[in-house]
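Novice: Listed below, chain by chain, are the residues.
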Amino acid sequence: MKREGIAIETAGVSFAYQEGTLALADVHFRANYGEFIAMLASNGSGKTTLIKTLVRLLKPQKGTVRVAGREIGGYSQAELYQTVGLVFQNPNDQIFSATVGEDVAFGPRNLGLSETEVQQRITDALEAVAAGHLRERAIHHLSFGEQKRVAIAGVLAMKPSILILDEPTAGLDPAGEGMIMRLLHRLNRQQGITVILATHSVDLLPLFADRIYLLSRGRVLREGPAREIFCDRDLIAQASLRLPYVSHLLDDLNRLDGVPIEDVPLTLGEARVQLLKLIPDELLVKPPREEKR
Amino acid sequence: MKREGIAIETAGVSFAYQEGTLALADVHFRANYGEFIAMLASNGSGKTTLIKTLVRLLKPQKGTVRVAGREIGGYSQAELYQTVGLVFQNPNDQIFSATVGEDVAFGPRNLGLSETEVQQRITDALEAVAAGHLRERAIHHLSFGEQKRVAIAGVLAMKPSILILDEPTAGLDPAGEGMIMRLLHRLNRQQGITVILATHSVDLLPLFADRIYLLSRGRVLREGPAREIFCDRDLIAQASLRLPYVSHLLDDLNRLDGVPIEDVPLTLGEARVQLLKLIPDELLVKPPREEKR
Amino acid sequence: MFSLFSDFFACRDNLLSRVDPRAKLVVATAMILCVILSTNPALPFLVFLTCVAATLALRIPARLVALRLVAPMGIVVALALLQSFMAGGTPVCTIPIGPWRFTATHEGIRTAVLTASRVCGAVSVVLLLSLVTPAHRIFHSLRWFRVPQGWVEIAMLMYRYTFQLLDLTADLTAAQQLRMGYAGVRRSLASMGTVCGTVIIRSVDQAVHTHEAMVLRGYQREIPFGPMPPVTACACGGTALTVAALLLLYVAIGRVG
Amino acid sequence: MNHDGLGTTRLGPALFATAALLLCCPPTASAMHISEGILPAPWAGLWFALSVPFLIWGLRDLRVRSEKEPMFKSLVGLVGAAVFVISCMPIPVPTAGTCSHPCGTGMAAILIGPSLTVVITSIALLLQALFLAHGGLTTLGADIVSMGVAGAFVGYGVFRLATALGVPRWPAAFLAGLLSDWATYAVTSFELASALHGSASVGHTFVAVAILFCPTQIPLGILEGLITAAACRFIETRRPGLIASLKQPGGGAA
Ligand SMILES: Nc1ncnc2c1ncn2[C@@H]1O[C@H](COP(=O)(O)OP(=O)(O)OP(=O)(O)O)[C@@H](O)[C@H]1O
Ligand SMILES: Nc1ncnc2c1ncn2[C@@H]1O[C@H](COP(=O)(O)OP(=O)(O)OP(=O)(O)O)[C@@H](O)[C@H]1O
Ligand SMILES: [Mg+2]
Ligand SMILES: [Mg+2]
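Chains as they are written, first to last, in the numbering used here: chain L, 1 to 293; chain C, 1001 to 1293; chain E, 2001 to 2257; chain P, 3001 to 3254.
Don't take each hint at face value.
[Stated by the list, open to error] Derived lysine to aspartate or glutamate pairs resembling EDC-like cross-links, with alpha carbons at most 16 Å apart:
1. 1277/C with 252/L
2. 159/L with 136/L
3. 59/L with 124/L
4. 59/L with 2212/E
5. 1277/C with 257/L
6. 277/L with 1127/C
7. 59/L with 93/L
8. 277/L with 1257/C
9. 1277/C with 26/L
10. 1159/C with 1127/C
11. 277/L with 1282/C
12. 1062/C with 1026/C
13. 1277/C with 262/L
14. 277/L with 263/L
15. 62/L with 79/L
16. 3068/P with 2013/E
17. 1277/C with 1262/C
Hints were generated in silico from the structure; no laboratory data involved. Just so you know, these numbers come straight off a predicted model, no measurement behind them.
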């Protein structure tokens, strides 16, 4: 499945809703095969709208969307939805069957696959999201986190090469959030699936995203690796967001207290390294345990 | 409005849903007048269930709930709902009028107040949530953050002395989250309203909550100020939560690298102070600007 | 009412819930037919006792069973009284109340007892069926019995989203109640109208979202149904035996009296 | 079989007794569905046979419209769920401890038309029979005829007629709710009477049962009408055009 080149891109896409809200203005967006891309923006900035144009649920008034190099309009339904999969923000929108197994089977059955193939896909998809044991359960008896995973499995069963997720961690507690992010990371690295996610939570992104698109009011403010995005704190503030807390701390130390930090770190690990450089060795006590968590 | 004593408390409350899920088990909970209390727990731990027993939407199978020292069963509707107000998690589930002004007026009108009094209450409630300018707007044109604030205003218009909120910041971007938390803080400190909120986001709590109840699977794991709760990282892990990122960083430095940190800090400010103590002064460069953000 | 609407027990694993849903449907239908056709109250009462005993044996709380039986029982009592006093025939006793004289007749009482027994029997069969078979299995079986596709599709969607809309309704009602929306009849009606309207608007929005999600997964006008597993010989034989036994019972006691 | 005396000697006391019972025993007041087991087999079969053509009509409508408008099926399913939920809501009336429920058929007919209302009513009735022991499997046919067919067509007809006569939407909705509710009860009474009249005449039993339902059903019909009107008015203010758009192909997304 690993391929080179551009998986999906938009060129100069603009979209206005009927009442006249300009939700997207001249958006250039690109995801290469195998990348992990994040759209980062505050509420109402047009993430969902952009995502919907990427899967042809909305037709932009201006600009083009290309999937795997081809104009999106030229795809047949079956072709498009085996290439691009979308996981909605609210799992209830997406899970419409009564049981988990049935819901995951919906996509493959629509593709007209044989029953053994369908069963295989259900098994694989549920395994991939660590939800194999839920197969026979009724949807309305699942917890919110489980519903989220089942929703992802339903899309994975279509075997898309591009997986798009709208706020996959919204409403989840820290454990659930970490679980979903690691899951996506695994899908991305092990199965080579291109992952695009929309979010407004900043703390976990630097760990996972290859590139970030920073949106605000329907425009792309900046695009690049986490390091480039988060080095400009004014830009981040302009987008009504904040730095990850760890970066915030070291940025404050740097700006307000004059602690010399060249490169504001983005993750816990980086911050530790930076701080250790500054703290004299003689202050350190023998580490109690040399465990690596 | 400022009073002394216990505003609301539960003693040994247990609640099981009909199909047998034990959602609360022997919960002792107490909020004094003027306190800012947080219930901290992961998804499905019983926060919503506990909140519902506090406003008599659910009747616990065991234990008692007392509001202002009186058994909750003894209150009349009008009395109870002018004492305790509840803001639901999803603003869509509690805003049901066509315009903002009308929605806020719902409660006061039902109390049979005079029209001038009703108008006064609308003005006050909307001012309190910094949404005076939204008064004439149609609900479905509001952003998510605005809807949340209007939902709070609708409850404030009942003039409760105890305000309970179920995950008030869920789904909000960092700017909106900060705004709501500061708003609640202001209501608490300036108007003396007792605030009780349920949440699973840990980073902002230490700044605001006087006391935290850590719940897990329907039980109170621990109760106390943020400092006491977050000093026990095993307990936090047991509740499927995590430390605030800042504390996490300094805790890691302490445990893994042997940096001597006695009291794991909880907020950015505390962390800065602690780190500055460790970094030799000669390493500091002259602070570029002495601004206080 | 909301709390009653739960299929939690149907999803539990037990002896009866493991039986092929098609077999259960056939047997249940046969039982209800026997009950309805029976002219002897003994057979329906026997069915009633069997079903209630089975329900309790599966450790379903007696309270739940009782709650679900209350509504039909109320009707039974009302109708039984009506019939006892309305049918003509041999008077059994007369109770004077106020200006009227109540005359219960022999025939009337007989009909009343029969009707009552039929209601009890039939209701308990349905109750047992619903407590050991999740609705989605029933729908699948109905599809297998050649019930039209459109009907089953709508049924499955309705079933799935009923739970969600029930939650919404509960929240909306609670939110209104906490702001005194149910103080007095006028306010109650207005509040309830609002809830109905909101639920309908929400359902329309949800329909749009659901449809979008379905399209993205290749929906083409019909929800595909997976094949039901083939009927096992065991289920087949079991069904045949049970139905035969029922028939025997019916012939033996159902037609007497 | 002294029919003359029935009106005075038997009907009166019977009515008195049962009406008293209905008031003492709240669940019976919600007896809008005929319980499982009440109808003798031939009657149950007859009502089934009567309901089938309407179901076929509804399903054909469903097929035709979902060809034109792919979203139509999910729309019917979801609106069906909404109406079902509404019909499970207790009407908050503090009198005599009644806890009755609206039928919702008038509302549904206004929204998606009568033939499809029959379809969703049949499903709702099946779910209620299974989960709440309201109504039953063998009485499904009779319940479909009274609630689905009578309720939906009367409600829809009244609404169309009223709007055609220039009555504003929400009074029209009130009439639709009211009359669909009463129609349902009238037909239910007839069904009960025809099956259970025993040695008394159908007509007399019908009158008896109908009068019996009166104390609860007249106010409940009015309440249902009021709720339907309130809901319609609310939808009109929150989503102007939604009700109209649901009926035309291509609408619904508004
Ligand atoms: N169906 C709609 N009709 C009209 N305007 C809409 C519609 N959906 C969204 N909008 C508007 O378009 C803008 C972008 O909305 P969008 O939902 O794409 O934002 P988002 O980034 O996904 O926000 P969130 O984080 O809240 O999901 C917002 O101003 C919103 O109010
Ligand atoms: N209406 C209900 N019927 C049955 N079980 C329920 C119901 N509501 C909640 N539960 C169960 O009770 C437990 C506690 O649920 P509750 O909603 O109180 O948790 P919560 O802490 O509010 O979770 P969340 O963060 O997801 O809102 C969960 O296990 C849940 O599955
Ligand atoms: Mg969005
Ligand atoms: Mg909750």
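Novice: Work down the list of hints and note, for each, if the structure agrees.
Specialist: A quick look at each hint next to the structure:
For the hint pairing residue 1277/C with residue 252/L, the CA-to-CA distance comes to about 15 Å; that is within 16 Å, so the pair holds. With a C-alpha separation of about 22 Å, the suggested pair residue 159/L and residue 136/L falls outside the 16 Å cut-off, and the hint is violated. Distance check on the hinted pair: residue 59/L and residue 124/L sit about 33 Å apart at the alpha-carbon level, beyond 16 Å; violated. For the suggested pair residue 59/L and residue 2212/E, the alpha carbons sit about 14 Å apart, so the restraint of at most 16 Å is met.
Of the supplied pair hints, the one linking residue 1277/C and residue 257/L holds, its CA atoms being roughly 12 Å apart against a limit of 16 Å. For the hint pairing residue 277/L with residue 1127/C, the CA-to-CA distance comes to about 49 Å; that exceeds 16 Å, so the pair is violated. Distance restraint check for residue 59/L and residue 93/L: the Cα-Cα separation of roughly 21 Å exceeds the 16 Å cut-off, and the hinted pair is therefore not satisfied. Our distance criterion of 16 Å between C-alpha atoms is met by residue 277/L and residue 1257/C, whose separation comes to about 12 Å.
Among the hinted pairs, residue 1277/C with residue 26/L is inconsistent with the structure: their alpha-carbon atoms are about 49 Å apart, more than 16 Å. Restraint check: the Cα-Cα separation between residue 1159/C and residue 1127/C comes to about 13 Å, which is no more than 16 Å; the hinted pair holds. A hinted pair counts as satisfied when its Cα atoms are at most 16 Å apart, and residue 277/L with residue 1282/C qualifies at roughly 14 Å. As the CA atoms of residue 1062/C and residue 1026/C are separated by approximately 8 Å, the hinted pair is consistent with the 16 Å bound.
For the hint linking residue 1277/C to residue 262/L, the alpha-carbon distance of about 20 Å lies beyond 16 Å, and the restraint is violated. Among the hinted pairs, residue 277/L with residue 263/L is consistent with the structure: their alpha-carbon atoms are about 13 Å apart, no more than 16 Å. Taking the CA atoms of residue 62/L and residue 79/L, the gap is about 24 Å. The hint is violated against a cut of 16 Å. Taking the CA atoms of residue 3068/P and residue 2013/E, the gap is near 43 Å; set against the 16 Å cutoff, the hint is violated.
Between residue 1277/C and residue 1262/C the alpha-carbon distance is near 12 Å, which keeps this suggested pair within the 16 Å criterion.
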